[in-house]
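Engineer: Residues per chain, in single letters:
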Amino acid sequence: MTLAEFFSCSLLAFGAPIVMFAMTVATDPVRIIIMIAAAFGWLLSFLLSSLVWYAVVPLRSYLIFGMIFAIIFQELFRYGMYLLLRKTEAGLKEISENHEIGSNKLEMAYVSGLGFGTMSGAFALVNVLADSIGPGTLGLSGGTEYFFVTSSAMTLCMILLNTFWSIIFFSGFDEKNYLKILWVIISHFFVSFLSLLNSRELYAASILPSYIVLMITSYIAFRCAGGSSKTFIQSFSARS
Amino acid sequence: MSLKNIYLLVTIILLIFKGYSCERLHELIYSSIEGSAACFRRLNGTHQTGCSTSDKGAVGVVHFVQDHDDVLWLATNASAGPYMAVVSTSKFGLVEFLIDHPTNIAGVLTYENASDIPSFFTHDTRCPNEFSSADGNQCSSSKEGGVVWNEKGTGLLKREIPFPIFFIPESRYEEIEKISHCFGRFNYDKNNQRGRSLCSIQLNSFMFAAINTEVCMRRSATSTIVTTTKVCDPLGDQNVYYSLFPRTKESKKQSITLVTARIDSASLFDGVSPGAASSVVGLVTLISAAAALAQLIPVSKSNLYDTNILWTLFNGEAFDYIGSQRVAYDIKRGVWPPNAPLAPTDVKLHVEIGQIGGSLSDYVNENIWPLNAFVPTLAPSTINDGENDIQIFLKQLSNAYNMTIPGIFNGSLPPSSIHSFRRILSNVTETGEMLEMLLVDHKETFTNVFYNSALDNSDKIAYAYKNISMINNVTFISTAELIADGLMKETDTQVKISRLATALAHALYQRVVGEAYTGNITVSAHLVDEMLYCFLKNETCKLLSAAEFGGNEGPREGAGPAPLYVGVTSWNTVAPVFAGHLLALLTGTQLSLNKSQCETKPESGYTRLWLKGWNHSGVCIETTMNFSQALSPAFIISDYDFKSGTYSTWTESVWQTMWARVFVSASGGSACVAAATGAVSTLIAALLTFWLRRHSSLIFVDPPSATIVVDDAASGILRSVNC
Numbered sequence: 001m002t003l004a005e006f007f008s009c010s011l012l013a014f015g016a017p018i019v020m021f022a023m024t025v026a027t028d029p030v031r032i033i034i035m036i037a038a039a040f041g042w043l044l045s046f047l048l049s050s051l052v053w054y055a056v057v058p059l060r061s062y063l064i065f066g067m068i069f070a071i072i073f074q075e076l077f078r079y080g081m082y083l084l085l086r087k088t089e090a091g092l093k094e095i096s097e098n099h100e101i102g103s104n105k106l107e108m109a110y111v112s113g114l115g116f117g118t119m120s121g122a123f124a125l126v127n128v129l130a131d132s133i134g135p136g137t138l139g140l141s142g143g144t145e146y147f148f149v150t151s152s153a154m155t156l157c158m159i160l161l162n163t164f165w166s167i168i169f170f171s172g173f174d175e176k177n178y179l180k181i182l183w184v185i186i187s188h189f190f191v192s193f194l195s196l197l198n199s200r201e202l203y204a205a206s207i208l209p210s211y212i213v214l215m216i217t218s219y220i221a222f223r224c225a226g227g228s229s230k231t232f233i234q235s236f237s238a239r240s
Numbered sequence: 001m002s003l004k005n006i007y008l009l010v011t012i013i014l015l016i017f018k019g020y021s022c023e024r025l026h027e028l029i030y031s032s033i034e035g036s037a038a039c040f041r042r043l044n045g046t047h048q049t050g051c052s053t054s055d056k057g058a059v060g061v062v063h064f065v066q067d068h069d070d071v072l073w074l075a076t077n078a079s080a081g082p083y084m085a086v087v088s089t090s091k092f093g094l095v096e097f098l099i100d101h102p103t104n105i106a107g108v109l110t111y112e113n114a115s116d117i118p119s120f121f122t123h124d125t126r127c128p129n130e131f132s133s134a135d136g137n138q139c140s141s142s143k144e145g146g147v148v149w150n151e152k153g154t155g156l157l158k159r160e161i162p163f164p165i166f167f168i169p170e171s172r173y174e175e176i177e178k179i180s181h182c183f184g185r186f187n188y189d190k191n192n193q194r195g196r197s198l199c200s201i202q203l204n205s206f207m208f209a210a211i212n213t214e215v216c217m218r219r220s221a222t223s224t225i226v227t228t229t230k231v232c233d234p235l236g237d238q239n240v241y242y243s244l245f246p247r248t249k250e251s252k253k254q255s256i257t258l259v260t261a262r263i264d265s266a267s268l269f270d271g272v273s274p275g276a277a278s279s280v281v282g283l284v285t286l287i288s289a290a291a292a293l294a295q296l297i298p299v300s301k302s303n304l305y306d307t308n309i310l311w312t313l314f315n316g317e318a319f320d321y322i323g324s325q326r327v328a329y330d331i332k333r334g335v336w337p338p339n340a341p342l343a344p345t346d347v348k349l350h351v352e353i354g355q356i357g358g359s360l361s362d363y364v365n366e367n368i369w370p371l372n373a374f375v376p377t378l379a380p381s382t383i384n385d386g387e388n389d390i391q392i393f394l395k396q397l398s399n400a401y402n403m404t405i406p407g408i409f410n411g412s413l414p415p416s417s418i419h420s421f422r423r424i425l426s427n428v429t430e431t432g433e434m435l436e437m438l439l440v441d442h443k444e445t446f447t448n449v450f451y452n453s454a455l456d457n458s459d460k461i462a463y464a465y466k467n468i469s470m471i472n473n474v475t476f477i478s479t480a481e482l483i484a485d486g487l488m489k490e491t492d493t494q495v496k497i498s499r500l501a502t503a504l505a506h507a508l509y510q511r512v513v514g515e516a517y518t519g520n521i522t523v524s525a526h527l528v529d530e531m532l533y534c535f536l537k538n539e540t541c542k543l544l545s546a547a548e549f550g551g552n553e554g555p556r557e558g559a560g561p562a563p564l565y566v567g568v569t570s571w572n573t574v575a576p577v578f579a580g581h582l583l584a585l586l587t588g589t590q591l592s593l594n595k596s597q598c599e600t601k602p603e604s605g606y607t608r609l610w611l612k613g614w615n616h617s618g619v620c621i622e623t624t625m626n627f628s629q630a631l632s633p634a635f636i637i638s639d640y641d642f643k644s645g646t647y648s649t650w651t652e653s654v655w656q657t658m659w660a661r662v663f664v665s666a667s668g669g670s671a672c673v674a675a676a677t678g679a680v681s682t683l684i685a686a687l688l689t690f691w692l693r694r695h696s697s698l699i700f701v702d703p704p705s706a707t708i709v710v711d712d713a714a715s716g717i718l719r720s721v722n723c
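Just so you know, the sequences run in chain order U and E.
For the first sequence, full-length UniProt numbering gives the first residue as 1, with consecutive numbering after it.
For the second sequence, full-length UniProt numbering gives the first residue as 1, with consecutive numbering after it.
Since the hints were derived computationally from the structure, they do not count as laboratory data.
Keep in mind it's a predicted model, so treat the numbers as computed, not measured.
The beta carbon of each residue, even a glycine, is placed where N, CA and C say it ideally should be.
Any given hint might turn out to be false.
Just the calculated beta-carbon pair ranges, DEER-fashion [as the list claims (entries may be wrong)]:
hint, chain 1, residue 1, chain 2, residue 2, range
1, U, 142, E, 467, 10 to 20 Å
2, U, 177, E, 184, 58 to 68 Å
3, E, 177, U, 204, 11 to 21 Å
4, E, 693, U, 237, 12 to 22 Å
5, U, 237, E, 679, 26 to 36 Å
6, U, 60, E, 196, 29 to 39 Å
7, E, 178, U, 201, 17 to 27 Å
8, E, 679, U, 43, 37 to 47 Å
9, U, 204, E, 100, 48 to 58 Å
10, U, 204, E, 73, 45 to 55 Å
11, E, 596, U, 60, 49 to 59 Å
Looking at chain U on its own, in the form it has when it is part of the complex (with noise of 0.2 Å):
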């Protein structure tokens, strides 16, 4: 039973990033070599966050002050990035075969903030999809089952927020707007305290409102990508 635990947990954590990299990302070969960079950008910022974490030994044990320096460190390389990509652009336009490329100049950062979220996701839910597949769950020493699946949900949350947070924080710079750039870290701190709520088990009290945030995000991204709810209703009775 619990194989289908695994393969049902991967489903729904990297079921819609693995669709969209399938459907944006992976038909050009820039956008997969930035996903990847990225990728790896977030996992520099983990590396010197774990460094912090484990050099402040009397702290270990209190999870939120790791949190705090992760958070920091992933938005300073999200920062890292967006340097990256501006001074690399003509370079990738050059060398890219899609003539497209840079239409959009938030495309590279929805790209880019794939690459974070799918590599903050992979982290985050690896060690919990390998002891999914055992033969046995949560319950004995409490929590319940369940854990396995507010934790991909929560995850694919992350991804997805990522994803949103880098368009988001690209067009602040882009535009100096600092409030759009307050909104990313706000709502970065905001979400990852409300997983603390899981070792309560309030499993509702954390998912509910990260998902709140991530349709609040989703919509502010989408308004700085230029669409606007009209132009989307209207994509469905034009005839092209």
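Since the structure of chain U is already known, use the hints to place chain E on it.
Structural biologist: Then chain E, alone, in the frame of chain U:
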């Protein structure tokens, strides 16, 4: 924000969310069951016996089995997949039903409960070692009638069991309590178990060997280029022998009296084979009698007498008499004992100390211990004259024991090492040249109802350690003094064993010297008390600390007694080494040599050992004690036919690890929810992405414009490079 404010913020946050410790998810899911002993696989020439699981182990839902209704429910009505039956040793008979209906059973977990001791618990066959018994044996598992020695035996030790069985000893009862709590929380509602999270157990005891000894030895011998993968090992260990007078090839022909006992025990479970009533009582009797006789007749008088006593401890007797078959085979070939071999005609009398421990708990409040002697050799016509050598010896023994030991002349011989001698040395045993006598405490069926089992411990022989300190750390207090001082009573097990050992020593003295013993040297019950403690309670004890090799480091961490299971040939167990060194210490001569001098070649007929000694400073002992290999002749004869049944062919499977753990199994609800939401979210994402891509020009009407400045320099460089 100033630094001070940041610190304040961090402190506040820490105070609110303090102590969210990270725990490994694995530790939250699984709880390991420690201290368990598993049933493992042994093979003989024609069958495989015991238990095994698949490579990944066996998983089953916990169900506590209390009575027959429970097993019936498990076999017929239970619906939530294979079950793991948890049953107390007092209800172990229910496992028989599970073995007959194994389809819904993944395994059995059995536990020992001090407040619920079973009235019997033995898993050897009803006729132990039936197929290695001599002719005239009336105990048969297939035919009706006749005498049945091990009446309560289930035979599980020598049968194939379709699922794993693990044993939890009394010291680990908290594991059962843990499982019981888990069961109470999750599995209580028997009728609604499908589709719920249930408390489950996983047992792993994967065995590499299969089919029978012939096949697994062939597989073990096939070597690949680099390594040989062994899948089974023959059972075997060491026999211990000690002669009263030294024997060399040149010394004159003496008539030998062989006095033997078994040293090993067996059980279904790995590492748990206490063997108190099955072996230890006989072992201790033999060692103390040998020690007393060495005092009665010092070695210096060896050339005065024609008779020599050869005390031997056989190992592996539980498995078709491995040790005694090998000794009999070696005597036939003329190679045992290795330094001064016997001829079969040299041995005039063979006295075996058999099953004597079972009745000690029956006579716990009385100071008698009735024994019987089975004598298989005599033809009926010679019985009545009473002039026969063996009847004389029996009379001497009865006199010394202060109680008549009746001789049983026409009964079927109980399981004992004598069977090996009667089969292999039939030339001398059937003609009466080698007389045989078996000392037991029963007549028709064993008094020991825990024969060769995991529960055959010190309680079953009414033994309690007295912990009396030695005089000057060297001398043992005599039995008479102990009783006079009130430290022991006449009804104590230690006193009874010391009386029997004294009787044996005095009777053998009379046999050697020709006159009855009139002195007052007896076996001390204090010595017996210490010996029983060493073999039954804790191997870190006074006697064994003095008897171990002088070079060993300080006392081991006593983790209980050394198990008496014979084990595999390639790994010698400690029990025979203990027994041998103890014999050396108690009977040998102390030489005033230092360690390096002690290692020089001794006089012929002796070995020299550097032991710790009573004051732990090292002492050189010269002794006639030695060890010989107890490996069945089947494994040393080339091209032996393993199906012939002539010799013991027992082997033990190789295994890597055996463990057990308890956890809660999933109900599947979580997987369903995850699958449903996963499919929905993937579908929505796919549709949205597709739609946004297809109509991106319509939707993203006002994109942030590209501000990419095409830098000609850069493009020039790139165009000139060939990628």
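Engineer: Work down the list of hints and note, for each, if the structure agrees.
Structural biologist: Hint by hint, here is what the structure shows:
1. 142/U to 467/E: 10 to 20 Å: violated (46 Å)
2. 177/U to 184/E: 58 to 68 Å: holds (60 Å)
3. 177/E to 204/U: 11 to 21 Å: violated (34 Å)
4. 693/E to 237/U: 12 to 22 Å: holds (18 Å)
5. 237/U to 679/E: 26 to 36 Å: holds (29 Å)
6. 60/U to 196/E: 29 to 39 Å: Holds, at about 38 Å.
7. 178/E to 201/U: 17 to 27 Å: Since the Cβ atoms of residue 178/E and residue 201/U sit about 22 Å apart, the hinted range of 17 to 27 Å holds.
8. 679/E to 43/U: 37 to 47 Å: For residue 679/E and residue 43/U the Cβ distance comes to about 30 Å; the hint is violated.
9. 204/U to 100/E: 48 to 58 Å: holds (50 Å)
10. 204/U to 73/E: 45 to 55 Å: 39 Å Cβ-Cβ, so the 45 to 55 Å window is violated.
11. 596/E to 60/U: 49 to 59 Å: holds (56 Å)
Comparing the model with each numbered hint stated earlier shows that hints 1, 3, 8 and 10 do not hold.
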